Every structure is written in structure tokens, then in C-alpha cells.
Amino acid sequence: MLRRSLLTRFRHRVRGTALIAVLAATAALPNAAVGQGSPPAAQAPAAKQPNAAPISANGQPAQANGQAAPAAKPAAPKAPVSEALQTLRDRLDTIKADLETREKAITGPNVGAGDLTRARDGLDPLADRLRSVIELLGPRLDAARERLTQIGPKPKEGEESEEVARERAEREQAVNDIDGTQRLAKSLLVQSDQIVDQISNRRRAAFTRGLFERSSSLLSPDLWMRVGADIPRDISSLRSGFDDTVSLFRRNASLWNLLILGLAFGLSFALYFGRRNIAPALGRRDINVTTPSKRAKLLGAWRVLLLGTVPALAGSYAVYYALDVTELLPARFLPVASTILGGIAFIAFVEATADALLAVNKPAWRPAPVSDAAAWRITALAVSIAVVITVSKSTEALNSAIYAALPISIATRGVGAITAALLLAIGLHRFADTAEKEEECFGPYVGTETSSNIGGPLRLLGWVAVAVIAAAPLVGYVALSAFLVDQLIWTASILVLLWLLVVSADVLIGGSLCDDTRIATTLQANTGLRKRSLNQIAVLTTGFARVLLIAAAALLALAPWGLDSTDIFSSIRTAFFGFKVGDVTISLSAIAFGIGILVLGVFITRGVQRWLESTYLPATDLDAGLRNSISTVAGYVGFLLALALAFSYLGLSLEKLTIVAGALSVGIGFGLQSIVNNFVSGLLLLWERPIRVGDQVLIGDSEGIVRRISVRSTEIQTFDRSAVIVPNSNLISGIVKNRVRGDRTGRVIISVNVLRSKDPVEAAEMMVACAKAHPDVLKEPAPRVVFKKIGDPFLEFELIAMVIDVNLGQKVQSDLNFSVFKTLSDAEFIPPMGPASSFITVQGLEPVRDALGQIAHAVGSPAAHVLAPLATSRPDGEEKASAGADEPSSSDPREATRRPGSGSQDVNLRRHG
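Sequential numbering from 1 applies to the sequence shown in my numbering.
The set of hints was computed from the structure by calculation and includes no laboratory data. Treat the numbers as computed from the prediction; the structure is a model and nothing was measured. Where a beta carbon is used, it is the ideal one built from N, C-alpha and C, also for glycine.
Distance windows between CB atoms, simulated: (1) Gly228 <-> Glu100: 49 to 59 angstroms; (2) Pro560 <-> Glu172: 48 to 58 angstroms; (3) Arg784 <-> Gly694: 24 to 34 angstroms; (4) Val680 <-> Leu755: 52 to 62 angstroms; (5) Arg708 <-> Leu650: 24 to 34 angstroms; (6) Ala253 <-> Leu422: 37 to 47 angstroms; (7) Gln810 <-> Leu755: 21 to 31 angstroms.
With a straight-line Cα cutoff of 27 angstroms, these simulated DSSO-like cross-link-like pairs (lysine-lysine) come out: (8) Lys758 <-> Lys788; (9) Lys822 <-> Lys758; (10) Lys186 <-> Lys96; (11) Lys822 <-> Lys789; (12) Lys779 <-> Lys737; (13) Lys772 <-> Lys788; (14) Lys772 <-> Lys789; (15) Lys758 <-> Lys789; (16) Lys362 <-> Lys294; (17) Lys822 <-> Lys772; (18) Lys811 <-> Lys737; (19) Lys811 <-> Lys772; (20) Lys779 <-> Lys811; (21) Lys811 <-> Lys822; (22) Lys779 <-> Lys822; (23) Lys811 <-> Lys788; (24) Lys788 <-> Lys822; (25) Lys186 <-> Lys104; (26) Lys294 <-> Lys531; (27) Lys758 <-> Lys772.
Let's have the full structure, built from the sequences with the hints guiding it.
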């Protein structure tokens, strides 16, 4: 069937190619039906008018009843259909006849599977040719309509000239001809799709009817009575078949045929029994290796699987080919031989698969994550079910060959299905958790160990399948039971191979690109890709491989359920090249190409941006902020152009985009308000440039350098190397301090305290000299000193200097602090205090001072030496002791504090730590 389908598709493809060539030639030739010129009046046949007015001698129309009779215009001649368009219509008529024949073939009462297959073959090429016709006529129809539009509408008043009327008629006819041909092609395409749907519906109905057709139950005594009655006839038919085989063997048993058959059987035995020794020897799974890699496990599994399956398949095919060529077996018994040989190959495949994945005797080489006990049980169960299926299918083939009675066929299929269900039930029972472990009285809970490593849902699904397969023959649904057994085996085989293929793709493909393998190293060296990029490529590759493998497995699993591969590929092709939902055509291929155009446009835009940022803009005199704005705007313009090209390829016009934008306006007004606000603010920042890249700004509590301005947000790098992301709306609506908006000069302020006993003018001159000596301090404006406060015991000054770059502010401030401190310290304007020295002003010691003064007068000079350190010094440096309790004190405490030695209420003590 597959070969015939491929040949039919090839023939129709050739026809479609020829049709497309004819259409292309038609498009190249001048179109007679839509030509601009008009045939000359001399060549146009004169149409006789029955009511024509008489013509006078001077060629003017005669007058009747005193009025001028209007001249009758000759009818415009109908231009013939162009030869190419007529050829196209003939092809469409042929396709229409073919479709009608197919439709009649599938509407009869007794339509079989072969009729449906013959009607289905060749429909896809017909549909492709119809689509080609529709696509080729589309531009021609648009051009013809455009030429008709250029003439303009018919005048409502007055008559148009004869030449214009004739031109209008010709162009209208051209439009009608092309439009009619295109409409015919579209209607035929719809008819083709309807025929495909009818065939699919009939196939599903026939499959469902055959699957759920009820026969005699295996519990019915009548069935077994009929089986007993039909056994003698079937034995006689079997004996007759054996006699026919013997007679045919004697007749065709030439030396050459016997030699071919003997060689085939010898080769088959050698391959089948030799594989048991070949597979372990060439499998390269050394039992002494205890920790093989996952890659080695999978490669060993594939070697064992192929070496255990391919020889058996080759041997079975050799025997079948020999029986078919030598004609030593009757034709009706060839399916029996094919079933037996195929069953033997299937048993070999099951054994090889179990040995490859489970490795009963070599647990270190086992790719499947199961225990030893589970591996042995799965192997025994799989081989047992394969043997039962082989025997059952061989018996069914033999019944068909000897034309066995229906009760015997029903009994054979039912017994085979129940036997398979019993084996599956025994296997599931053995997979139950039997290892028990007592729980410690005072210890922690230890879960029950499982010996099978097979999950509960999988066992539950197996028990459901056993129940349905065993119960169906007992109630009369033998066909359903046999079908479920076949599907269970088929699906299990597909899932096992799918698991092996998926794991192999992950390990062999992904591991080769992710690990430090020779392939990965070569790719990194030759392509310059980073290891992370290779890891991403590996993930995408393995993901794509998984999708393909799962899709192929799903198609294979659904194939026996009445799903035709032709319908599947036709649906995939329709989905890829376009399908309609109402009046909207959705094409996955167009979407894919549109995305490709967008990705390519973005890639080119990024390349242009990198060229601007690294090559062109640095060579200009533009500042960093303007360069960033140009690069950002270029990126967004390129993205919008790529987006517009992608939309135009998809056929989305500005009108449709306007409708979509209007529908999204409500969502933008509510949910996307903040995003749109930031977007518009970002555009304003790029256009007005109140802040630029490289500016030092202060926003709230964050101060730093602007590193990047995007459409949504702005990135600021603080002085502790952290990044602050600020929404653009905050920069537009909030308060931003830009330290370098006008220029990059900055100001440095240093606070200095000098002793009150020193000359403030001299101190100011020394600080200004230090500032002028620094190379980064501007000469204009010159540094200056501000006398801030006359304090106690210091005079407070501020040194203000302007620096050439605001980024140098902290450096200049530090340098000036060092320089001013050294200069004032050398001049003793700052006292040489120790690290823990400080001045403490104590209030309220007047009684103590008076008492000490009286003691000093009473004792003499030693007391004066004791009181001398307690007295504050005068501005001229002289020290005096207190005059005694009878000396009048100042009425203002603050004045006394400012005048030392005059009876002040404060005593300044210097405490040395």
C-alpha cells in the first residue's frame, strides 16, 4: 500500500509540475482577454439593427416626426477566452470529472477498505494542483480588476463614447473569466476536502463496527458444540492442504530449488542460534567492569539489541524469500509461513530488548533503573507473552489458510487473548511488594522495600487491561479482546524503544555538547562558541529530538486505531501551509517565516548598534550621552522596521493593526498604564536629555553615575559599585540633582577649626595657599575662605575650592585636608593634641574656686602654683590666679566665659588620657 501510494503521489506530482509550467507560460504571454487595445472598427462585424433609423444621403440619420432619432450604438463584440485560460478550464473539468468518479465510488452500499484506499490515493496531488491554480489566478484577477477600475464608473447622466464602452466590456469580461475560473478551482478544492472527510468517516465507522462486533461468548455451550461439529471438516481441510503441499513440493523440488531452500534454512539457523554467541561477544559489556559510564551502557545496549534482532530478521526473511521463489509451498500457506517466521523474529527482538535494557546477568551494565528481581521477572513475562502471541497469530493464519469455520476462529482468538491476559496477571502478581520489614518499636519508621521498582499507577493500569482483555471474550467481544492484546504489545514495544531513543539522544547528543568531549572542544575552537552557548544548543537539540521522537511514537501507536498516515501528513501539511478559521487563514509556515524575518532583523539591528557603539560614534566629537541616545534610537527603529516587515509578510495591514491597537487600548489604560508611562518617559529622556550617560546624579538617597538609559528604566551605578534601577517616570516627574548638567566642574568644601589665640587672616592665607598649590583646583574662580564662626575655644573656617572634574572631588578634598592640616600644625594654629585629648567645660564650680582661692591666700604661694593650672589663660598668653572670694564676678555668665581669669563661672580642664 505504501509503495502504491508513493507511485501515485509521484505521478500526480509530475502532472502538477506540468500544470504549473503551463500556468507560468500563460502568465508570461500577453492576455488577449484583458488587453488594452480594441479591435479596429473595420474588423468588427456590423450588427443589423431591426429598428435602425434610415440614413440620409449625407450620412446623417433621418428625422422622424420632426425630431432627431438617436443613433443606435453597435453592441461591443465579446472577446474570446484566451487559449491558456481555456486550457486551464479544460484541466479543471478533467479534475472535476475525476472527483465526481471518486465520490460515486465511496457512496455505494458495499464499499470496502480497498475502494476507500483507491479513492483516497491521489487526492492530495489534485488538491495541490487546485491550490496552485488558485494562487496563480489571484494576481491576474487583481491586475484585471485594477485595469477595470482605471476606467472609472459608468456615468449616470449622458452616454460614454463607443470606444470606452467597448473597452469597459472587454475588461469586465476578462475579470469575469478569470474570476469564474478561480471560483471553479475553489469549489473543486472544497469538494476534494469533502471527499477526504467522507473517506475518513467511513474508515472510522468500519473500524468501530468491526471492533465492537459481538460474536458468540466463550462461555456459551453452543459455541463449543459448533466447534466440535466443525473439527472433522477442518481436519479434512488441513489434510487436504498438507497433500497439496506435498504434491507441489514433489512437482517443484528441483535440485536448484532444494539447494536454495537448504541454504536459506542453514543461513537462518546459523544466524538465529549464532546470535546468542555473537551478541555477548560483540556487545562489549565486560562483566569485570563494575562502574561503566552511562554512555557506555547505552552503546552496549544498542549493540546487544541490534546483534540480537537483525540476524533473526535476516534469517526469517531468507527462509520466506526461498519459499516464495522456489514455489515449494502453496500460495495460501505462505501467510502461515510468514506469520511463523515473523513470530520467531519477534521473540528474538523481545529477548534482545530485554537483554539490552535489563541485563539480567550484568547489573552494572543495566540502563533501566530496576532491581535484579524485577529485571528477571520482566524478561520472563515479556518472552512468555511473545511466545503466546506468536502461537496465537500462527494458529489464526492457519485457520485462514484452511478456511476454518467461524466458531473455531472465534475460539482460537478468544483462548489466545485469555492466555495472554493470564500471563500478564501472573506477572503483575509477582510484581507485588513481597519484601516485608518489621517496624522498630522505638525507632524511626522505615518504609517497605520494593523488589520490583514498578510504580503503583502502572500496575493499576496493567490490572485494568487484564480485566478488560479477560472479560471481553466471555461476553462475546472476541475481536475487541484480540485487538487490545495486539495494541498492548505494540504500544509496549514502541514505549520501550522510545525510552531508549530519548535517553540515547540526551546522553549521546546532549552529553557530547555539554561535557568536555572532543566534539565540544572542536566546536569551541572552530566556532568561538562559549561553553554556555554549547549547553544551550545541546538543550535545544535534545528537546527538538524529543519532540520528533514522541510525535513519531504517537503516530505509530495510533496507526492501528484506524488512523491513516495519509490523513495525518495531509493534516500536518494543511496546518503548516495554511488553514482557515472562518475568513481568517492561519499558516504555520507563514508564521515561522515571519518570526524568522523578525529574528533576522533584530540580529542585523544589534550588529548595526554594535558598529555604532564601538566604531563610528567613538570617532565623532559627540559626548557619551548623545552617543547612547543615538544607539538606543537606532536599535528601536531597527526593531520596528523588522516588526513591520514581519507583519507585512504575514499580511497584516495597518488597518488590522489599528483595530488590534483599539482593542488593546482598554487594557493599556488599566493594566499597562505604568509601563506606558515609563515608555513615554524614556522617549522623553532620550529626546530632551536632561540626564545623560556618565552624569553624576542624586535621586532621593541614591547618588551615582548614569550607566544606561533604556525605554523603561535607567540604570545608575552608585559609588559602592551597586546598581540602582530607577523607572523613567520617576526621573521625569520627580526631583533629580544632576551635578554635571551644565559642566563637569565641582566644588570642594573643607571645614577647619583654628585656636582663638591665632590670627584668622594668617590662617586664611595659609589655607588658600594650600588650595592654589593643588593641580586639580581651578584658578578661576580662585579658592576662598569663609570665616564661619568665632567659637570657644576655636575659630571656624571653610575652605571653598573649585575642581576641574566633579569626579575628582573626593580626591581633592582628601589632598587638601592633608595639606591644610600639615601647614596649620607646623604653624601651631592647631594644638598638638594626643589621640585621646579633649577640652571639657565644667559648669557650677564657683564655690570650689572661691574656697581654693581663700586657701591660697592663707597658705601662700604653693597654693597659687596649685591654682595656676585651673585658671584660663588670657589672649596674650599670661596666666593669673583667682583674686579671691572678695573679687567681684561678672553679672553675665556668658561674658565671664568669654573673658578668662575675670571671675568666670566656667573652668576649663585639660584631661590627658
